[in-house]
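Chemist: Single-letter residue listing:
2 protein chains.
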Amino acid sequence: MIKTYLGCYPCFLRQALDAARLAGASDEQQKTILDRVLEMLTQIALSSTPPEIGDRVHRIVRQEVGHRDPYREAKETSTRQALALYPRLRKCVQEADDPLDVAVRLSIAGNIIDLGPHQQYDLWDVIERVLTQPFAIDDRTAFREALGMADRVLYLADNAGETVFDRLLIEVLQVPVVYTVKGGPVLNDATREDALAAGLDQVAQVVETRSDAPGTILDRCSDEFWRLYNEVGVIVAKGQANYETLSHVGPKVFFLLQVKCPVIARDAGAGVGSFVLKQG
Amino acid sequence: MIKTYLGCYPCFLRQALDAARLAGASDEQQKTILDRVLEMLTQIALSSTPPEIGDRVHRIVRQEVGHRDPYREAKETSTRQALALYPRLRKCVQEADDPLDVAVRLSIAGNIIDLGPHQQYDLWDVIERVLTQPFAIDDRTAFREALGMADRVLYLADNAGETVFDRLLIEVLQVPVVYTVKGGPVLNDATREDALAAGLDQVAQVVETRSDAPGTILDRCSDEFWRLYNEVGVIVAKGQANYETLSHVGPKVFFLLQVKCPVIARDAGAGVGSFVLKQG
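Residue numbers (the working numbering), protein chains in the order written: chain E, 1 to 280; chain F, 1 to 280.
It is possible that part of the hints are untrue.
Same chains, same names: a pair is fine if it fits in one copy or spans any two.
Unchecked claim - Here are the simulated SDA-like cross-link-like pairs (lysine to any residue), alpha carbons at most 20 Å apart as the crow flies:
1. Lys260 to Gly250
2. Lys252 to Leu228
3. Lys31 to Leu46
4. Lys260 to Arg14
5. Lys91 to Val207
6. Lys252 to Glu39
Rather than coming from a laboratory, the hints here were simulated on the basis of the structure.
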């Protein structure tokens with residue numbers, strides 16, 4: 001697990017403000033939210049993971065704005081935009097010499113759809129880069145071997161929209177996949193509703209973790225999730241928050257992500273902006 | 001005057017951390033500093049200018065680290081680097097068709113030397129850009145006219161190192177200049193020591209404002225400064241902090257700066273990264 005660094009604090013404030021504004025908070029509400037986040041930050045244990053703090057930040061935003069899912073519209077837009085690309089991307093995978101490799105790369109490209117660390121991105125630019133750029137950490141061979149021996153894959157979703165890119169990867173896996181999503185809205189993380197909108201139920205069994213915190217905080221997840229987590233041979237964990245909460249898990253987990261901040265960059269040993277497929 | 005926006009809060013935390021680290025603060029000291037800044041931010045009036053909050057941030061850092069001038073070494077390096085460029089830049093001014101124009105541009109280029117908003121920059125890149133790029137706000141004609149009628153100029157310094165670029169501008173002004181610096185160390189702002197190291201005493205009368213807050217907070221300045229401020233016909237105010245604290249002052253003040261953050265960009269009506277010569 002990644003602990004929270006002091007360098008994360010400015011980012012928590014920025015995320016609180018971004019989320020508050022996206023949720024249509026008034027100036028007074030934004031001030032109240034920021035004051036509550038400042039107060040909360042004086043009391044946190046630095047042993048907490050960043051997603052645990054992020055969970056508290058976004059809970060404060062939802063409470064003050066009185067909106068259960070401030071990112072609903074943004075998530076729907078992301079899914080719609082990704083679905084519009086889907087036929088073209090699927091053709092790209094099908095026509096590839098190595099469909100698994102291209103699908104892995106696209107799944108990581110999809111990880112740019114993240115309204116947490118950075119709110120602006122050019123998706124096509126990322127797709128083109130990820131199709132050619134070398135991986136900063138490249139455990140693709142181990143991933144391929146692990147998949148060859150697994151009878152089931154647990155796939156931990158990250159953001160809405162990114163789900164469509166996950167679907168492309170799942171379509172080329174030769175094993176049954178359980179696709180887990182959040183138990184409730186947090187940030188732009190995918191919920192069951194978002195997974196269904198992206199058509200994940202057509203390629204996987206969609207299961208909720210029961211937790212509505214960013215990443216995967218194991219002791220907040222359901223018994224069903226725990227059972228799956230223990231039973232499966234391979235876990236695919238998407239995005240930074242899953243890395244932050246599960247980096248201590250052993251070699252059966254494979255992290256697919258873009259490095260988006262210096263804290264993760266330092267821990268993973270890969271530069272900001274780089275693409276990573278890292279075995280736990 | 002510019003009030004503090006909620007969007008400034010993440011930047012205050014980042015500045016506190018940057019300053020703490022530059023001052024060699026231990027992990028425990030950094031945590032104490034950040035907790036004190038968080039606490040302070042819950043209590044500020046949003047009508048305060050960002051430099052007033054910045055003043056409190058940097059005061060906390062200096063208190064906790066027990067270091068009167070954490071930026072001393074960084075400032076000396078900036079001055080040394082700028083002085084190394086000085087002969088070449090001076091030639092550039094002297095050989096120009098319009099020396100005042102080139103000197104004004106270089107003085108703004110020097111404003112990139114600022115460890116507040118951003119810690120990384122490529123000085124030569126900025127110099128080349130500023131020599132050719134159009135101004136986002138261009139009151140150069142009014143500036144030229146005001147200089148033609150003034151019998152004295154009050155020049156409000158910003159950062160150490162930038163001082164050398166100010167010197168280039170002062171050398172082409174046809175009027176006596178009083179160059180005012182901070183009364184004590186704050187951030188990398190120029191003090192008397194920094195001005196002398198850059199040779200400003202050879203081209204101007206160097207005077208302390210008596211204040212050690214960023215920008216120019218008038219009611220903290222000395223009587224001597226007040227007298228000058230009222231008497232002179234033209235005031236040249238360098239950098240964002242002076243703009244933030246003096247933007248309400250009338251047409252005798254001319255702001256020379258690079259826009260470094262969205263708050264100033266919105267207020268001045270010029271994009272982040274743009275060059276501005278704006279009459280008050």
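Chemist: Now, for every hint given, state plainly whether the structure supports it.
Modeler: Results of checking the hints against the structure:
1. Neither within a single protomer nor between protomers do Lys260 and Gly250 lie at most 20 Å apart by alpha-carbon distance, with minima of 23 Å and 44 Å respectively.
2. Proximity of Lys252 to Leu228 under the C-alpha cut-off of 20 Å is restricted to the intra-copy arrangement: shortest distance 13 Å within a copy versus 72 Å between copies.
3. When the C-alpha separation of Lys31 and Leu46 is checked against a cutoff of 20 Å, the pair qualifies only between copies, where the shortest distance is 10 Å, while the shortest distance within a copy is 25 Å.
4. For the identical chains of this complex, Lys260 and Arg14 are neighbours both inside a copy (15 Å) and across copies (17 Å), given an alpha-carbon limit of 20 Å.
5. Neither within a single protomer nor between protomers do Lys91 and Val207 lie at most 20 Å apart by alpha-carbon distance, with minima of 28 Å and 70 Å respectively.
6. Taking the shortest alpha-carbon separations for Lys252 and Glu39, neither the intra-copy value of 39 Å nor the inter-copy value of 43 Å comes in at or below 20 Å.
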